[in-house]
Amino acid sequence: MSQSGEKSRCGHLRLAYTSTRGGARSRASLFVLSMAVFLRIAWVNLIAVAGAVSALFPLLGRRRPVGTRFATLHRPARVIPFAKRAQNR
Numbered sequence: 001m002s003q004s005g006e007k008s009r010c011g012h013l014r015l016a017y018t019s020t021r022g023g024a025r026s027r028a029s030l031f032v033l034s035m036a037v038f039l040r041i042a043w044v045n046l047i048a049v050a051g052a053v054s055a056l057f058p059l060l061g062r063r064r065p066v067g068t069r070f071a072t073l074h075r076p077a078r079v080i081p082f083a084k085r086a087q088n089r
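Each residue of the sequence shown is one higher than the last, beginning at 1 in the working numbering.
If you are wondering where the hints come from, they were derived from the structure by calculation, not from laboratory data. Glycine included, every Cβ here is placed at the ideal spot set by N, Cα and C. Not one of these hints is a red herring.
Label pairs and their in silico Cβ distance ranges:
1. L33 to F57: 30 to 38 angstroms
2. M35 to A55: 27 to 35 angstroms
3. L56 to R27: 42 to 50 angstroms
4. R27 to S54: 37 to 45 angstroms
Build out the structure end to end from the sequences listed, making use of the hints.
What follows is the structure in structure tokens.
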């Protein structure tokens, strides 16, 4: 359906046709726009990778593996006796 600039009416439906003159871009401008978008996405990905590496960087200085736990000191538990209550009878 290629009607230039006309409006067609069919019952309750309205079909609008736009002219082909306005808004047309050349292939070169579309290529430049797509390259700009590509470079922006690449820049954002580079920033994300740098953030992830900087977040993981402190783990490189550890001597022990990441999954090990701290050594806990095993002391016997202290038993604290409760004060005896006076019984009311």
